[in-house]
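Q: What follows is each chain in one-letter form.
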Amino acid sequence: MAGLGALAGIGAAAGMLPLFALEQTDMSAFSESPVPGKVRWGMLIDTRKCRDGCSGCVVRCHHDHNVPDFGKSKNEVKWIWKSRYEEAFPTASQQFQSPEVENRKVLTLCNHCAEPPCTRACPTEATFRRWDGIVSMDYHRCIGCRFCMAACPYGSRSFNWQDPRPAVRELSATYPTRERGVVEKCNFCSERLVKGLLPACVDSCTEKAMTFGDLNDPVSEIRALLASNETMQRKPELGTLPSVFYII
Amino acid sequence: MIEKALKGGRGYWAWIALLLILIGLGVSAYARQMSLGLGVTGMGRDISWGVYIAQFTFLVGVAASAVMVVLPYYLHNQKAFSKIVIVGEFLAVSAALMCMLFILADMGKPQRVLNVLLYPSPHSMVFWDVMVLNGYLLINLVSAWAVLGAERRGVPAAAWTRPLIYLSIPWAFSIHTVTAFLFAGLPARHLWLTAVLAPRFLASAFAAGTAILILITFILKKTAAFDVGQDARQKLAVLGAYAGTANFFFLGTEFFTAFYSNVPAHKQSLQYLYFGLQGHAPLVPWMWLSLIVGLISVGMLMTPSLRHQNGWLASACAGLVLSIWIDKGVGLVIGGFVPTPLEAVVDYVPTATELSVTLGIWAIGLLVLTVLLKTLVSVRAQQ
Amino acid sequence: MSNRISAILALLIAGAMFVAALLFMQSVHGASSALRAAAPVAVARQVPIDSTRCIASTVYMKSHHMQLLNQWRHDSVRKGNRAHVTSDGRRFDKSLNTCLGCHASNPMFCFMCHEYANVKPTCWNCHISPMEATR
Chain Y
1 MAGLGALAGI GAAAGMLPLF ALEQTDMSAF SESPVPGKVR WGMLIDTRKC RDGCSGCVVR
61 CHHDHNVPDF GKSKNEVKWI WKSRYEEAFP TASQQFQSPE VENRKVLTLC NHCAEPPCTR
121 ACPTEATFRR WDGIVSMDYH RCIGCRFCMA ACPYGSRSFN WQDPRPAVRE LSATYPTRER
181 GVVEKCNFCS ERLVKGLLPA CVDSCTEKAM TFGDLNDPVS EIRALLASNE TMQRKPELGT
241 LPSVFYII
Chain X
1 MIEKALKGGR GYWAWIALLL ILIGLGVSAY ARQMSLGLGV TGMGRDISWG VYIAQFTFLV
61 GVAASAVMVV LPYYLHNQKA FSKIVIVGEF LAVSAALMCM LFILADMGKP QRVLNVLLYP
121 SPHSMVFWDV MVLNGYLLIN LVSAWAVLGA ERRGVPAAAW TRPLIYLSIP WAFSIHTVTA
181 FLFAGLPARH LWLTAVLAPR FLASAFAAGT AILILITFIL KKTAAFDVGQ DARQKLAVLG
241 AYAGTANFFF LGTEFFTAFY SNVPAHKQSL QYLYFGLQGH APLVPWMWLS LIVGLISVGM
301 LMTPSLRHQN GWLASACAGL VLSIWIDKGV GLVIGGFVPT PLEAVVDYVP TATELSVTLG
361 IWAIGLLVLT VLLKTLVSVR AQQ
Chain W
1 MSNRISAILA LLIAGAMFVA ALLFMQSVHG ASSALRAAAP VAVARQVPID STRCIASTVY
61 MKSHHMQLLN QWRHDSVRKG NRAHVTSDGR RFDKSLNTCL GCHASNPMFC FMCHEYANVK
121 PTCWNCHISP MEATR
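Chains as they are written, first to last, in the numbering used here: chain Y, 1 to 248; chain X, 1 to 383; chain W, 1 to 135.
Calculated from the structure, these hints are not laboratory results.
Where is the CB? At the ideal position from N, CA and C, for every residue including glycine.
Just so you know, not all the hints are guaranteed correct.
What the hints assert, rightly or not - Far from chain X, by Cβ distances over 12 Å, these chain Y residues were calculated:
(1) P34
(2) K49
(3) S136
(4) P164
(5) E207
Stated by the list, open to error - Cβ-Cβ distance ranges computed for the label pairs, FRET-style:
(6) G276/X with K120/W: 30 to 38 Å
(7) T122/W with K38/Y: 45 to 53 Å
(8) D347/X with P236/Y: 28 to 36 Å
(9) L171/Y with V346/X: 45 to 53 Å
(10) W288/X with A92/Y: 29 to 37 Å
(11) G229/X with G239/Y: 52 to 60 Å
(12) L138/X with K120/W: 34 to 42 Å
Could you put together the complete structure from these sequences and hints?
A: As structure tokens, this is what we get:
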């Protein structure tokens, strides 16, 4: 866990650097082109550790990514949010469930599926599965047809029904905003990963309820936790192979 | 040839003026949508498609139904359809045009529409739909225009029109099959995730399409003294009756599978549409109206004594169109989004802006159809 | 005199810290898989790079910066190929932020020229412009 602390330190330092600090990187650390499929980022959420009433990760994510706040209206945009157990796992066993689990809030976000239905539906490759398993959005190419939204079985995608800029409370310099008319969703913090930082939600969680890592690496922490715990994916029967796992 | 559409009586110009007013209304509503975003519609995060995509789905069916006159006439030499074939093809042209306008109206970034061609994605059904719809529009426009032009000069149609017309027959099936695949391939939208969706789309299309064609022939007879013949109407009525029967049969199989299997996900959308779900039942009266009116209309079309009388025939056709328009143009798309992936029941109400744009696009389609049919009628009147 | 001593001391401490940090990193890397989970990608070293000159000649950049930015976006977003190597061997991150790292020192840099050429790029509809950032 020392590594986590050190990384958090770097994260904080990066935040304190002047706005366009990226120029200060030495590119020799990066390979010219990553090998597609070598890495598959995944997340394990321990719902037992997730504190009731805490929404630190949601606030942090939505701030860092300039997610507009339209409240709970039909125009709502969200990347990560809390759902009730039966909303998140409608096909899981519900009968005679313990009241504690029934009332437990579950963090829901894009699952970054290994077999994403959204990228299949996209007519322009504006959304696509990256070399590292992240289901990414190219906001420059999206035509706003919303097929990906109809295709997503998890309700993880939001459309910009109106100009998002005025609804961004505090503009963050860490990520661009979006234009009206494109779809957006969680990007697993690819802008942070490239700097060697953990996703903002993982970083922000005081309870360490989220573990992030490479699902393709058999000795990674996330794989060790997956091997030693009983875990769930959302709607596994659809064959989408989500990269987000849950401990109930 | 198109100049023939510039000569018309008072009624003709009044109709054109009405359509232009509606188009103006639609354009101004669309301008509002363009400046403020799709937020001005009733669509939202949960029900992310609405009237536009529903109209698109219905009209693809109308476009495809031209095959109901083309196929009997060109493949089976049914002479009764000789005067109605081009009417059917022109109807297909205007319907296909409306389809594309509805897609454009639904897009968040219409200025980027060419991205579909710049980055062709064969894994996406939208890509194929854009291909086949444009192709279908072109095939019908070119072949019908060429055949009509030859008719005007009193010469047989050019030899190349035949293979083009033959091509239009499987193409008609393809446009509605691909449109069904837009929906039927999406996991977790259980109202759509059914193999019978494409056959049902074709059946409902051929029912509604033939009914619209029959209604158009009545209008042409009354307003332009152009009669395609009672024989053609009767044959079409029978085709429409059987297509309508097939549609309701397929709907019945959906009900059986959903409710007998008792799988909640399969039942929920149908429950929402026909009985209400978790206290939400905004579409229930509509769906039952559709079902009852549709069944009565099909029954009327099936009964020879009723179908032979023009009044009954026209009202049965109007009933069938209404029924299928509600089923496909309202229920299918909206019902597919309920419940949401997070098991919420959300209602959708279209806004005035949205309805004005819809009306405007229908008016554009009707204007194109009017101009094409006016040309046809004028060419025929010369002979 | 005391200046020189303190300088040497500082150097020594810095060197020791560097070695310690290296050893620590290596031991963590070898011993536990936790870091592998925690260090999702190769951590870019925070070393200043030579940004005294632009990645290409002014003439080229004036006429081709838009194509270059499009190409950079394509490479980094879709292929993960983020390293731009200039003809004289310098390496840069393919990112708009690389450009702004220098050019944002004059917040008007983009705007003046675009205004003059009467072009209206949509970059700042989403990306935070230097004008906004300095506000």
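Q: Check the structure against each numbered hint from earlier and tell me which ones fail, lowest number first.
A: 4, 6, 7 and 9
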